[in-house]
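Asker: Chain by chain, the residues run as shown.
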Amino acid sequence: NAGVTQTPKFQVLKTGQSMTLQCAQDMNHNSMYWYRQDPGMGLRLIYYSASEGTTDKGEVPNGYNVSRLNKREFSLRLESAAPSQTSVYFCASSDQRGTRTTDTQYFGPGTRLTVL
Amino acid sequence: GDSVTQMEGPVTLSEEAFLTINCTYTATGYPSLFWYVQYPGEGLQLLLKATKADDKGSNKGFEATYRKETTSFHLEKGSVQVSDSAVYFCALSLHSSNTGKLIFGQGTTLQVKP
Chain A
1 NAGVTQTPKF QVLKTGQSMT LQCAQDMNHN SMYWYRQDPG MGLRLIYYSA
51 SEGTTDKGEV PNGYNVSRLN KREFSLRLES AAPSQTSVYF CASSDQRGTR
101 TTDTQYFGPG TRLTVL
Chain B
1 GDSVTQMEGP VTLSEEAFLT INCTYTATGY PSLFWYVQYP GEGLQLLLKA
51 TKADDKGSNK GFEATYRKET TSFHLEKGSV QVSDSAVYFC ALSLHSSNTG
101 KLIFGQGTTL QVKP
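Chains as they are written, first to last, in the working numbering: chain A, 1 to 116; chain B, 1 to 114.
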């Protein structure tokens, strides 16, 4: 099992450019998440998807959009990148037992994004 | 609102020293508590967890006890190794939430010197 995979690993954009970060998991998990990690601020939730076909905003959704393409894939799009979006982005997934999502999340290796 | 506060780092220790990283939380209801570890250049991995008061989570020589009375979940290890050098994150998840969302502390960098 590859677990959670993310592409690309590194990306440099100019202000105003757009790009999509890809994430896929092979653990048959229902729930998927996108976080950003900034120095001194821990991880902050951008968007999450509790199940295929649903998405919800997290703590810092402005400037981002997401798509839950199918159960495996959850992409994050920056329509018009800004320097404030320079960060490391992590995708994660978690399982569901009955009606409740389990607490343990499995993380991808991250995408380091720089916006000039 | 719900939040997690960790001691500021970096924490620098010599090999075989005793480690404590403090974590306190504020939550409505009764959360599950976690420690995640991030090794250089990698994503986060679950280190240990505790789901109710007085539970002790343990893994790889690390331990943390869920203290409801002090709203704390401090991470300890009796003898650290150079390979323990990493960033450690304390986090909580609310039982009332059906989404599995985690709230993270800011992270504490640990550097262990030979």
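Treat the hints loosely; a few may be bogus.
Some chain A residues judged to face chain B by a derived CB distance under 8 angstroms, without partners named [as the list claims (entries may be wrong)]:
{"#": "1", "residue": "Gly42"}
{"#": "2", "residue": "Leu43"}
{"#": "3", "residue": "Tyr48"}
{"#": "4", "residue": "Gly53"}
{"#": "5", "residue": "Gln105"}
{"#": "6", "residue": "Gly108"}
{"#": "7", "residue": "Pro109"}
{"#": "8", "residue": "Thr114"}
Source of the hints: derived by calculation from the structure; they are not laboratory data.
Predicted, not measured: the structure shown is a model, and the values here were computed from it.
The C-beta atom is built at its ideal place from N, Cα and C for all residues, glycine as well.
Asker: When the nearest CB of chain B is found for glycine 108 of chain A, is that gap smaller than 8 angstroms?
Answerer: Holds, because the Cβ-Cβ distance from glycine 108 of chain A to chain B comes to roughly 5 angstroms (cut-off 8 angstroms).
Asker: Checking hints one by one. Is glycine 53 of chain A an interface residue toward chain B, by the C-beta closer than 8 angstroms rule?
Answerer: Violated. Min distance 15 angstroms.
Asker: Min Cβ distance, threonine 114 of chain A to chain B: is it shorter than 8 angstroms?
Answerer: 16 angstroms, violated
Asker: For the hint on glycine 42 of chain A, just tell me whether its beta-carbon gets within less than 8 angstroms of chain B.
Answerer: At about 4 angstroms, which falls below the 8 angstroms cut-off, the nearest Cβ of chain B leaves the hint on glycine 42 of chain A intact, so it holds.
Asker: Return the status of the interface hint for leucine 43 of chain A: holds when the least beta-carbon distance to chain B is below 8 angstroms, violated otherwise.
Answerer: This interface hint holds because 4 angstroms falls under the 8 angstroms limit.
Asker: Per the CB criterion, is glutamine 105 of chain A less than 8 angstroms away from chain B?
Answerer: 6 angstroms, holds
Asker: Once the shortest beta carbon distance from tyrosine 48 of chain A to chain B is found, is it less than 8 angstroms?
Answerer: Tyrosine 48 of chain A check passes; min Cβ-Cβ to chain B is 6 angstroms, inside 8 angstroms.
Asker: Restraint: proline 109 of chain A near chain B, CB-CB cut 8 angstroms. Satisfied or not?
Answerer: 5 angstroms, holds
Against the hints set out earlier in the document, violations occur for numbers 4 and 8.
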